[in-house]
Amino acid sequence: MAVKVSMKVNGKSVSGEVEARTLLVTFIREHLRLTGTHVGCDTAQCGACTVQMNGKVVKSCSILAMQAEGADVLTIEGVAKADGTLHPMQAAFKEHHGLQCGFCTPGMVMSAIDFAKNSPGASEKEVREALEGNLCRCTGYHNIVKAIMAGSKAMAAAK
Amino acid sequence: MAASLIGARVERKEDYRFLTGAGQYTDDVALPGQTHAAFVRSPHAHAKIKSIKKDKALKAPGVLAVYTGEDLAAGKVGGLPCGWLITGTDGQPMKEPPHPPLAQGKARYVGDHVAVVIAETQDAARDAAEMVEVDYEVLPAVVDASKATQKGAPALHDIAPDNKCYTWALGDKAAVDAAFAKASHVTKLDLINNRLIPNAIEPRAANATYSRADDSYTLYVASQNPHVERLLMTAFVLGLPEHKVRVVAPDVGGGFGSKIYLYAEDVVVTWASRQLGRPVKWTADRSESFVSDAHGRDHHTVAELAMDKDGKFLAMRVHTTANVGAYLSTFASCVPTILYATLLAGQYTTPVIYCEVTAVFTNTAPVDAYRGAGRPEATYVVERLVETAAREMKLDPAEIRRRNFIKTFPYQTPVALMYDTGDYEATLGAAIKMADVAGFPKRKEEAAKRGKLRGLGYCCYIEACGIAPSNIAGALGARAGLFEAGEIRVHPTGSVTVFTGSHSHGQGHETTFAQVVADKLGMPIENVDIVHGDTSKILFGMGTYGSRSIAVGGTAIVKALDKIIAKGKKIAAHLMEAAESDIEYDKGMFKVAGTDKQKAFGEVAFAAYVPHNYPLDKLEPGLNENAFYDPTNFTFPAGSYVCEVEIDPDTGVTKVERFSAVDDFGKIINPMIVEGQVHGGLTQGIGQALTENCHYDPESGQLITGSFGDYSIPRADDVPSYQVDTRETPCTHNPLGVKGCGEAGAIGAPAAVINAITDALGVKDMPMPATAETVWKVIRANRKAA
Numbered sequence: 001m002a003v004k005v006s007m008k009v010n011g012k013s014v015s016g017e018v019e020a021r022t023l024l025v026t027f028i029r030e031h032l033r034l035t036g037t038h039v040g041c042d043t044a045q046c047g048a049c050t051v052q053m054n055g056k057v058v059k060s061c062s063i064l065a066m067q068a069e070g071a072d073v074l075t076i077e078g079v080a081k082a083d084g085t086l087h088p089m090q091a092a093f094k095e096h097h098g099l100q101c102g103f104c105t106p107g108m109v110m111s112a113i114d115f116a117k118n119s120p121g122a123s124e125k126e127v128r129e130a131l132e133g134n135l136c137r138c139t140g141y142h143n144i145v146k147a148i149m150a151g152s153k154a155m156a157a158a159k
Numbered sequence: 001m002a003a004s005l006i007g008a009r010v011e012r013k014e015d016y017r018f019l020t021g022a023g024q025y026t027d028d029v030a031l032p033g034q035t036h037a038a039f040v041r042s043p044h045a046h047a048k049i050k051s052i053k054k055d056k057a058l059k060a061p062g063v064l065a066v067y068t069g070e071d072l073a074a075g076k077v078g079g080l081p082c083g084w085l086i087t088g089t090d091g092q093p094m095k096e097p098p099h100p101p102l103a104q105g106k107a108r109y110v111g112d113h114v115a116v117v118i119a120e121t122q123d124a125a126r127d128a129a130e131m132v133e134v135d136y137e138v139l140p141a142v143v144d145a146s147k148a149t150q151k152g153a154p155a156l157h158d159i160a161p162d163n164k165c166y167t168w169a170l171g172d173k174a175a176v177d178a179a180f181a182k183a184s185h186v187t188k189l190d191l192i193n194n195r196l197i198p199n200a201i202e203p204r205a206a207n208a209t210y211s212r213a214d215d216s217y218t219l220y221v222a223s224q225n226p227h228v229e230r231l232l233m234t235a236f237v238l239g240l241p242e243h244k245v246r247v248v249a250p251d252v253g254g255g256f257g258s259k260i261y262l263y264a265e266d267v268v269v270t271w272a273s274r275q276l277g278r279p280v281k282w283t284a285d286r287s288e289s290f291v292s293d294a295h296g297r298d299h300h301t302v303a304e305l306a307m308d309k310d311g312k313f314l315a316m317r318v319h320t321t322a323n324v325g326a327y328l329s330t331f332a333s334c335v336p337t338i339l340y341a342t343l344l345a346g347q348y349t350t351p352v353i354y355c356e357v358t359a360v361f362t363n364t365a366p367v368d369a370y371r372g373a374g375r376p377e378a379t380y381v382v383e384r385l386v387e388t389a390a391r392e393m394k395l396d397p398a399e400i401r402r403r404n405f406i407k408t409f410p411y412q413t414p415v416a417l418m419y420d421t422g423d424y425e426a427t428l429g430a431a432i433k434m435a436d437v438a439g440f441p442k443r444k445e446e447a448a449k450r451g452k453l454r455g456l457g458y459c460c461y462i463e464a465c466g467i468a469p470s471n472i473a474g475a476l477g478a479r480a481g482l483f484e485a486g487e488i489r490v491h492p493t494g495s496v497t498v499f500t501g502s503h504s505h506g507q508g509h510e511t512t513f514a515q516v517v518a519d520k521l522g523m524p525i526e527n528v529d530i531v532h533g534d535t536s537k538i539l540f541g542m543g544t545y546g547s548r549s550i551a552v553g554g555t556a557i558v559k560a561l562d563k564i565i566a567k568g569k570k571i572a573a574h575l576m577e578a579a580e581s582d583i584e585y586d587k588g589m590f591k592v593a594g595t596d597k598q599k600a601f602g603e604v605a606f607a608a609y610v611p612h613n614y615p616l617d618k619l620e621p622g623l624n625e626n627a628f629y630d631p632t633n634f635t636f637p638a639g640s641y642v643c644e645v646e647i648d649p650d651t652g653v654t655k656v657e658r659f660s661a662v663d664d665f666g667k668i669i670n671p672m673i674v675e676g677q678v679h680g681g682l683t684q685g686i687g688q689a690l691t692e693n694c695h696y697d698p699e700s701g702q703l704i705t706g707s708f709g710d711y712s713i714p715r716a717d718d719v720p721s722y723q724v725d726t727r728e729t730p731c732t733h734n735p736l737g738v739k740g741c742g743e744a745g746a747i748g749a750p751a752a753v754i755n756a757i758t759d760a761l762g763v764k765d766m767p768m769p770a771t772a773e774t775v776w777k778v779i780r781a782n783r784k785a786a
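Each protein sequence line maps, in turn, to chains A and B. Once you know that position 17 of the first sequence is 17 in my numbering, the rest is easy, because the numbers rise by one and skip nothing. Once you know that position 22 of the second sequence is 22 in my numbering, the rest is easy, because the numbers rise by one and skip nothing.
By construction, these hints were calculated from the structure, which means they are not laboratory data. Be aware that one or more of the hints could be misleading.
Which chain B residues face chain A? A few, computed with CB under 7 angstroms, are given here [claimed, not checked]:
1. 21
2. 23
3. 28
4. 32
All residues carry an ideal CB built from backbone N, CA and C; glycine is no exception.
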């Protein structure tokens, strides 16, 4: 059965017809063609699909599109400034080589921004624990951790 | 131009698109009229397929077609080929059972492809796949290679009733036996190199489309080597003219070997796209990745090292049983042989080595190259033996290594390789210093006060990268060339596009290769773009695996650059009315030696494309060159790793507290990228040692570890921050002096970790993965024994 959903994605009002079982990530990728949000597993463990919904990070593979009705959703495509300037966390990932193949990266950045906002000045250990829900197979996390510590500082400084 | 770009920590050119969600992976490609495929997979490890009923599925909403093995056979679709022929000790070729893209008659592992449903949407295809009725007669299954060769074991293939693919050997058996007879000490280990599932975070995907206009196909696929994929698919499976098929491997989200191969799904969607006249896309979900991606490792080995009274190695004897899974994947046969036994000399002067390998079919997913491919298995054998030998002989583990290091180069090993260069003392010395081995006893004592056990382990690995040369590889059974191709296209205004047959799926070629080109041409890196992964753009390519890209692909680019500069000199000579032999190229300028006359690279490029003042009678216009490079030898990266662990004896929980890695990759183009490769490799190696294990139920053959909940790839808090450094002995046979760095960490880490754990516990054996449960059990057993 088709249902209509409407929400705000990256500041833009969007709507579409989906099946009741359609996941938020499918709506984002297939209906809106915002393909920066990735699907890396089917058990809500890899975190590649992480987006922000109403200011909180969620795994968009674990939410129905219908559940996001009326929500304010931010995906990786909406993180940089309109003029293309990278968000301080994105810039930190680039500077510290916190990405290789790039597939887990959007989810990592979304989680990192949320973590930095809520836990400024976190230790390396805390950053590593906070990354439990985001899997990366390329970097060994070393540079992701460095990037998040630096990005966190840069975000605090930019406030 | 400022400082050299070679050796500079240049931020990556590709990062912006990945960081902003603008990467284009295969599943991101949506074509007009797109349809979706879902595969019906065998739920049984071994079963006769008695019948397949399609009716219900065909009637389901949105379903366009259902195909089975019979349909493919009727369409003259061939089986998937194996790219390396191994000849056994009996002089016979290996057993190559048919590998149909959709099963015919029998399914041979859980996840084997039985049918495919194509529908308007992915959900519709997956729903209908559940409606395909397959009548199976379940057969007994065998998943353990050692059991598969026993009498009475179920046979997978008619042509291999004993399940043996081949028994192969390397080395002088008689000489090894004689050396063992004289030895004053023999160290013996029984080792299992645990089976792994690669798990690149991007699942495999393929999207094919057929054009009636010119009878051609385009396949987008998550592949590490699109040209090889095309060659195998057209020539061996679909019987299509190669020039009618374009294979595009766009952004690829990690490979680690698992995306080298030609898979059934790639073939099926390509074939089906013509049947339906519409594009057909398949994207694996993670559960499918677990059951259907080629797995790695899975060796059972008995290894012995013979020594004299001073700990000098006299001989090594190795017997390995390698599980190749249910069918031969593309390079399955060369991994436990050519890429394994040849590495058993390690960094040492062991004068004679004998290795015998039996490859065995089992009811499991095909096993093929996974990061390191044979070399991690060899390194694990050598370095576990060496460390254990040191303990048994009461020698310092660093000292026993030093006594046996190869010190003069080139060095011919007894297992067919010729190491061109290296300095093993330099990397070991640096690693010992970096790891503060001198401070270890104090840390151990301090840990003991807290009730913890601390241990230290070494691993000195060697690897062989850039398999070559092609003619030798051919003599050893390779069915493909092992060169690489590169093309430099200089545009009229002087910017440059480089086309490479190497493929980047995280390695950062778009930056590293651009550094090489920009440095050599003396231009800003912004003026150089690297293009890869599209058979319609790149003249040819063998792709990326085996840490070969910079050594082989990079060299092809350098060779093409040399031709560009040589032609540029001719043009510049004409423009400046000088002799060609007087022209020098330096930092973006063609100069007449000994004068102040010069022409910028851009001026020469412009003259080549607007040839008004140009030696047209002697020289073609344009500035575009390509080169194929076939290396004369492997490259031999090597390094020393020191791992320090701390174990909680009450729980068995093992933490890697310090990990120090000093590698010799020859010349390094971008240290930032190289360090990243090492971090990633180390983490996969630590994963193998501590957390990862592919487990099939021995009775039913069901994959028990089929999700990220059951198969534990390392998470951020499972691994430490690393200390990494390099030493440099440039490769002697390529112009950049480079060796390759992609696999080193995964090769060297497992032995270092296990050596550290066995040191902490004072035990000889520790199976991988050393999970808390396993370690706890070993501690308990050890206490009882004591």
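Practice problem: Return the numbers of the hints above that this structure violates; sort them in rising order. | Solution: 4
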